[in-house]
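S.K.: Please take these sequences and the hints and turn them into a complete structure.
There are 2 protein chains.
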Amino acid sequence: MEPFDIHILGCGSALPTTRHNASSQVVRIGNKLFMIDCGEGTQLQLRKGHIHFSFINHIFISHLHGDHCFGLIGLISTFGLLGRTAPLHIYADPKFEELLKPQIEYFCKGMQFPLFFHGIDAKKHETIFEDNTITVETLPQKHRVPCCGFLFKEKPKKRHLIGDAVNYYNIPTYMRANIKDGADYTTPEGEVIPNSRLTKDPDPSRSYAYCSDTLPCPGNVEYIKDVDLLYHEATFAEQEKGRAAATFHSTARQAAEIATAANAKRLVIGHYSSRYDDCENLRQEASEIFPGCECSDEGKIFSI
Amino acid sequence: MEPFDIHILGCGSALPTTRHNASSQVVRIGNKLFMIDCGEGTQLQLRKGHIHFSFINHIFISHLHGDHCFGLIGLISTFGLLGRTAPLHIYADPKFEELLKPQIEYFCKGMQFPLFFHGIDAKKHETIFEDNTITVETLPQKHRVPCCGFLFKEKPKKRHLIGDAVNYYNIPTYMRANIKDGADYTTPEGEVIPNSRLTKDPDPSRSYAYCSDTLPCPGNVEYIKDVDLLYHEATFAEQEKGRAAATFHSTARQAAEIATAANAKRLVIGHYSSRYDDCENLRQEASEIFPGCECSDEGKIFSI
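Here the protein sequences come in this chain order: E and W.
So for the first sequence, my numbering puts the first residue at 1; every next one is plus one.
So for the second sequence, my numbering puts the first residue at 1; every next one is plus one.
The reader is advised that the hints may include incorrect statements.
The list treats identical chains as interchangeable, and a pair is accepted whether it falls inside one copy or across any two copies.
[Unchecked claim] With a cut-off of at most 25 Å between alpha-carbon atoms, the simulated BS3-like pairs for lysine-lysine come out as follows:
id : residue 1 : residue 2
1  : K95       : K157
2  : K300      : K48
3  : K265      : K142
4  : K123      : K109
5  : K32       : K95
Note that these hints are calculated values from the structure, not bench results.
M.R.: Have a look at this one:
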């Protein structure tokens, strides 16, 4: 199967620490790279991770807090300096275009690539990106400002031809694409061979959900049902539940409850408050509800 | 003597590398911290260097290229999150206020400290900051956009009282400040004791000049004559002299020539192009003209 990897570039929260960078991830699906959030220092993290800048064509910004978007102007500027010509698409609250454009006009003069802003309505669950193999849907979050998560889903894949059957019936090459799509095959003698004898089930269509920053959102559970990997913020431990609620964040336990309700296959937590020296207490707390919960960390890659 | 230190937070040039951060320095004079330039990632470098954010009250931005100022919005935002109340002064091209203000208004709501922008006319050599012990002057640079360096100078210090003489003449405490300022002492009997018998020369007034980004500017030599430490950009080696001229930068040799002409006591080079794996070739090139030239590097502290 093609790679479907989540590269963690930053999983800290609002205050920077020497342990964690501001939020950013790169989702690699096949040879396509998508960025989620772009806190300050993201371009340096890309360098450290040896990730090819130029393959990133779509950047999704969950919300307009600095730790999720202050790195974008630097990244765009660097794209310009590197002579990028491929279009770049940014999906964010419409206000972001208004804030960023004067800076881009001033700092990125002579930039050779077109930049497209796509306004997100964070209150809606909708498909905001689609190509031949994947879709990206928004997941409305509950935060102090309009905020949404993102659900990356592979589209249903083509069925696998059974080599022996294809040879046995001597199926012409030009008909095989249809059969991969589920068509039956009619022999020159008029016999109909059902697709089930010619093909095997396709590879599973994988999915990844990113939920940060947010209070627990049970309303999203239906959208992320059976998701292969859920990244959920766990800014605080349960002991700081009041503070989590007041600042519209989740505790590790709450992240695990959402993962359990959604029947997620894996849970990765992140967006740790700067008060925690390491994520072990958060991981343990979440693991009591969702065994096997994993901690994100800068440089870690989670493969689905 | 009180400390007079230059903390290098970043000494790379426009393109970020894993070796060098974007430009930023902190000048510590006594217990006062001044920041020069603030490229992306500066606040993380402050953390790594264990430098107390809250003691920084004045930030000087040499020019409006991203690698010298993209980190400021993040730093201001963090000051806000940390509950800063002390005023913050920013000295920069007037355009910067126009670009930054909408972002501050949006991202830093509820910030409890006043922010003052001071417009710099980069074409002029003038004093833009002064307090009881130091002055900061601009040094007009030659770059693609308005740009200036900064000269930090300690004011003349008070003379040292000679303890034995003070005791011998039994000089009253309230008269000592005047004597430190150079006054003679008249005894109750009317005898005039010349200041030279009561005091020793004061500590020297130290100075530091920051010149980046710029073509060599011989016109500044008179302002930085005998400077204790000159930080001068050396983006390129002499082999790339044409490219240096085309992009309005200096070579290591040119930096050394300016230091020599100014009779600088020490030369530190920086703002290295990302093409160089290390600064050794640049240091050697500069050292042929200015023996003892030093390389800046992230985390290095140069004490004057």
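S.K.: All hints, please: hold or fail.
M.R.: Verification of the hints:
1. K95 to K157: Neither way: K95 and K157 sit 37 Å apart in one copy and 52 Å across, limit 25 Å.
2. K300 to K48: both (12 Å within a copy, 21 Å between copies)
3. K265 to K142: within (23 Å within a copy, 59 Å between copies)
4. K123 to K109: So K123 and K109 pass the 25 Å test across copies only (22 Å; inside, 34 Å).
5. K32 to K95: neither (27 Å within a copy, 38 Å between copies)
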